[in-house]
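S.K.: Sequence:
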Amino acid sequence: MTVSTQGLQLRSVSRRLSDWVELLSSMRFAIALLVVLCIAAVIGTVVKQSEPFNNYVNQFGPFWADVFLAAKLYTIYSSWWFLLFMACLVTSTSLCIARNTPKILVDLKAYKENIREQSLNAFPHKAQGELAEAPEAAANRMGQALLGAGWKVKLQSRETPQGVGWMVAAKTGAANKWGYIAAHSAIVLICVGSVLDGDLMVRAQTWFNGKQIYEGGGLIADVPAQHRLSTSNPTFRGNLLVTEGTASSTAILTQPGGVLLQELPFSVELKKFIVEYYDTGMPRLFASEIVIHDRETGEQKEARVEVNHPAFHRGVAIYQSSFDDGGSRVKLKAVPINGHARPFEVEGNIGGSTELSNGDEKLGLEFTSLRVINVENFSATGGGADVRKVDLRESIESRLGAAHKTVTEKTLRNVGPSVTYKLRDAAGQAVEYHNYMLPVELDGQRVYLLGLRDTPQESFRYLRVPADENDSLDGFVRLRAALDDPAMRAEAVRRYAAQSVEPGRADLEQALVASASRALALFAGAERVTAVADAANGANGAAGGNPKGGLQAVAAFLQANVPDTERERAGDVLVRILNGTLFELLQLSREKAGLAPLPRDEPAQRFMTQAVISLSDTFFYPAPLTFQLADFTHVQASVFQVARAPGKTVVYLGCLLLIIGVFAMLYVRERRLWVWLAPAGQGAQASMALSTNRKTLDADREFDQLKTRLLSR
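According to the numbering used here, the residues represented by the sequence shown are 869 to 1581, in order.
The set of hints was computed from the structure by calculation and includes no laboratory data.
Take the hints with a grain of salt, since some may be wrong.
Said to hold, decoys possible - Label-pair distances were calculated between CB atoms; the ranges are:
{"no.": "1", "residue 1": "Ala1355", "residue 2": "Thr1501", "range": "17 to 27 Å"}
{"no.": "2", "residue 1": "Ala1498", "residue 2": "Asp1293", "range": "16 to 26 Å"}
{"no.": "3", "residue 1": "Ala1349", "residue 2": "Pro1371", "range": "45 to 55 Å"}
{"no.": "4", "residue 1": "Leu937", "residue 2": "Val910", "range": "39 to 49 Å"}
{"no.": "5", "residue 1": "Arg1096", "residue 2": "Leu976", "range": "24 to 34 Å"}
{"no.": "6", "residue 1": "Val1530", "residue 2": "Asp975", "range": "14 to 24 Å"}
{"no.": "7", "residue 1": "His1177", "residue 2": "Arg1096", "range": "57 to 67 Å"}
{"no.": "8", "residue 1": "Lys916", "residue 2": "Leu1068", "range": "18 to 28 Å"}
{"no.": "9", "residue 1": "Ala1355", "residue 2": "Gly1086", "range": "47 to 57 Å"}
{"no.": "10", "residue 1": "Asp1339", "residue 2": "Val915", "range": "39 to 49 Å"}
Quick reminder that beta carbons are idealized off the backbone N, C-alpha and C, glycines included.
Make a model of the complete structure from these sequences and hints.
M.R.: Quick look at the structure:
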């Protein structure tokens, strides 16, 4: 006897397929997918997307940066797993719609008038009554009343042993079920539209159309064709930078590890860029007056692009994204700040670079940015953050040890242009500098601000250099050069001792010369700190070790050689000697430059107080010179976001359906009403029941009203 198992195998496969369909279309599966996608969206909001990898290394560290890179958290919306979950959600929702829509449509057409009288007694809302009317007359009356109240009604007559009975079947609130279909369809439309407007199409061209991500640099015109997308690309979103007076037709699409170039069917010419500022320095308005040149027809169309007011051409939207420097021409003056370099001038364009050399030592000078307006907070009561979170006073004083005070008001002032540049050594290490063109007044003294930072994640730390009587750096530069000159230091010490000691006291003068020479040499970094008992005290010095010079070297000398009980008095003496010799050194530097001596007045005292602190801090300045902005020609550029988004309409339709669907499901109640009218002598015996998909007080109240209206005869 032969037993066939083919049918059993087919039923088993069909059952497994049915189980999978049941799982995919279940609500718990869809909710789990939504939770995962919501968590991914939160991560994509918190973690900046498509940033250079070095930024993530600085933020998270090398280990976690690599882990997050493997998980595609830096391009989360285009990651394979995010797209997979999106596809599963679309599949799940589509299956749910496919399973339930036929049932819903059938239910919408059905009045369920064949329900039995005994079944009406099982409903929570039920009532009975006796009517003087005949069943047919009562059914017609009730049908007209319900039709007038917005119900859909169907009457059915039935043969009974007592005679002909009538069933009144009515329904309303069908929009509730349409809301279910609309809400689920909206999820599918939104997901499909977002995928259409994502970079899936762009990535598909790298997978199947031979396009490659460009990882190099150079001019856009030199990029090969395999890195360029054609004008027929159905969807893209990229950035277009256009300098005033120029035109561009190639957008840049940021991709993991590089970029792709998107050719546009038109070019955008920037005639004028307009930017207006609030008193706080924040941009109030930035807009671009452009001319769109159609590459196919030669048509020229003028347009104005503002934030939230884009221009459109050939299905491509042109949004005002931001603004940038368009390659401004700057002239920088090299000023010796911590060495013996000679002053010179160098010119370049923002975004460019040049090479500097000092014998075998070579440095790259990179022109980073130019800002022509810098509105800062100079409140007399202290420093607080302005609306841009860039408070000059607070940032400087917090790093230079000034007392922190609470802000009660703000004094905003434009301090003029500033330039940012980088000095990069042969090993590729760079320090970024930010210098203001004009001096600013802080604590009653006009100073030049020289900022620096090692990484972009840090805030700038500022060195304050006092301006001389001509509002320039020349006085401080001459003093710094004189400090490095042993002969001028010796002459300054001699003059200070001669003025401080009465005539005929050669022994005191000789002792003062020795002390002043030691203090000035320590301050100038010309003498190493030595301890009386190195074995006992160890290597004492500011910040540990042996400092190069400045006040920290003087403090290290006192710590290493003076007992604790006498250190404060000895420090006061050395500081007075140091201030006196430095003032004489300043006078010598002016004399050497052919200038008149500086009077011993309050402005000179303020200058010297700040100069001593600044001279001390120059030993921590990493470059031998600083570059001051001497002149500039400002050129602005506009950054546009250009996008072809065919899925936008689909997403908008999905959002509309979602709103309609949610409101329909939440605020529309589906109700069904049955009234069975059985013959009872000359009248009728009525049995009424109400079914609703949501138990509410409104349902109770409505049933009472219907009972009163239909059964009270």
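S.K.: Work down the list of hints and note, for each, if the structure agrees.
M.R.: Results for each hint:
Roughly 43 Å separates the CB atoms of Ala1355 and Thr1501, a value that falls outside the hinted 17 to 27 Å. The hinted range of 16 to 26 Å is satisfied by Ala1498 and Asp1293, whose Cβ atoms lie roughly 24 Å apart. For Ala1349 and Pro1371, the Cβ-Cβ distance of about 32 Å falls outside the hinted range of 45 to 55 Å, so the restraint is violated. Between Leu937 and Val910 the beta carbon distance is about 19 Å. The supplied range of 39 to 49 Å is therefore violated.
Taking the beta carbon of each, Arg1096 and Leu976 are about 53 Å apart, not inside 24 to 34 Å as hinted. Look at Val1530 against Asp975: about 20 Å separates their beta carbons, and that is inside 14 to 24 Å. For the pair His1177 and Arg1096, the supplied restraint of 57 to 67 Å is violated, since their beta-carbon distance comes to about 30 Å. Our hint of 18 to 28 Å for Lys916 and Leu1068 holds, since their Cβ atoms are close to 21 Å apart.
Evaluation of the 47 to 57 Å hint for Ala1355 and Gly1086 yields a pass: the beta carbon distance comes to about 52 Å. Taking 39 to 49 Å as the suggested C-beta distance range, the pair Asp1339 and Val915 conforms, at roughly 47 Å.
When held up to the earlier numbered hints, the structure conflicts with 1, 3, 4, 5, 7 and fits the remainder.
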